[in-house]
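With chain X's structure known, arrange chain D on it following the hints.
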Amino acid sequence: MPLWWPLLTASLLFALGVYGVLVRRNAVLVLMGVELMLNAVNINMVAFDAHLRDVLHGGQTFALFIIVIAAAEVGLALAIVLMVFRTHGHIDVDALRELADRPERDDSPDLAERPASAEGHPAAGQPDRSGAAR
Amino acid sequence: MVQLLFVLLSLVALGSAVLVVTVNNMVHAALWLVVTLGAVAGIYLLLAAEFVAWVQVLIYVGAVVVLLLFALMLTRAPTGPQPRQERRHALPAAGVALLVAALLGTTVVAGFRDVRLDLDTAVVGSAKVTGRSVFSDWVLPFEVLSVLLLAALVGAIVLSRRSTLHDGDPDAGVGTQALGGPGDSGEGA
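Chains as they are written, first to last, in the working numbering: chain X, 1 to 134; chain D, 1001 to 1189.
Possibly wrong hints are sitting among the right ones.
Output of the computed footprint for chain X on chain D, the stretches with three or more beta carbons under 8 Å from beta carbons of chain X [unchecked claim]:
(1) 1016–1026
(2) 1041–1048
(3) 1129–1143
For each label pair, taking beta carbons as the anchor points, the in silico distance ranges come out as [what the hints assert, rightly or not]:
(4) X/R102 <-> D/R1161: 50 to 60 Å
(5) X/P103 <-> D/G1155: 45 to 55 Å
(6) X/D101 <-> D/H1089: 32 to 42 Å
(7) X/R102 <-> D/T1107: 32 to 42 Å
(8) D/R1116 <-> X/R102: 34 to 44 Å
It is worth saying that the hints were derived from the structure and are not from the lab. For glycine and all other residues, C-beta sits at the position ideal for the given N, C-alpha and C.
So that you can see chain X by itself, here it is in the shape it has in the complex (with noise of 0.2 Å):
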């Protein structure tokens, strides 16, 4: 098999990832995406353990330990998205908007634009709610 077909797949994979990343809206959506770049990491890590003959095996080591990373950043993750929603009442990335760096503090046109990038959403458009988050 040519070496570059599994850099291929990976860099394809690679890519989706990072569409999904770019284009969800959805915190766990996003995680999904991120989970795709890791697995196409995950294979060039394995192909070119196969490739190299590592009599280390670090390649596949190292794979091992990406799959402990990801197992420990996605409970981590779970946990920040369950309290954005248990603040927020949503975890849609777009309307956490609360660390936006905004030119002026009273006339912010982010703030006039708030509830049109936050629709669907009924409880993004409330700051009250959101203030209560530490």
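Frame of chain X; chain D shown alone:
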């Protein structure tokens, strides 16, 4: 035979990955992710990484997808089909993804066009081989990683705990008050 199997598994993985990032129903996206991860596990098997393939099945398909489904369930994701929300970002995101694919694809194809992957004489990374490698050469990263996993899970527990246990916190009721919030908003959605 191996090549045919590899092409089929790659097509399954890529096709279901397309469905993961485009399908509207969130639960269906999670289930297509299972197909993608299973096909990737098959690719690992073909690339002589047996133990990694079983770990992929156990941890990714078994644990990570279940965690994602729990996250979808606990955030009251609508299970039915819903209107497309991401049309606004689809075009620039597709452009960036195409650029990434073109860049990475041309790089790996141009760099490794003539290299052949000889899988017949490759050492199969069975549990014995991988275990010996992990616990002899890579034992320090392994231990560091176990501490990292412990720290991440303790952090997850601390984050997801209700905040009513704060001692003398004036806004100790914030947790329960905010907990009532998702209920009424979830019915509205």
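Hint check results:
| no. | hint | verdict |
| --- | --- | --- |
| 1 | 1016–1026 | holds (count 5) |
| 2 | 1041–1048 | holds (count 4) |
| 3 | 1129–1143 | holds (count 8) |
| 4 | X/R102 <-> D/R1161: 50 to 60 Å | 32 Å, violated |
| 5 | X/P103 <-> D/G1155: 45 to 55 Å | 34 Å, violated |
| 6 | X/D101 <-> D/H1089: 32 to 42 Å | 20 Å, violated |
| 7 | X/R102 <-> D/T1107: 32 to 42 Å | 40 Å, holds |
| 8 | D/R1116 <-> X/R102: 34 to 44 Å | 56 Å, violated |
Figure legend: structure checked against the earlier numbered hints; hints not met, in rising order: 4, 5, 6 and 8.
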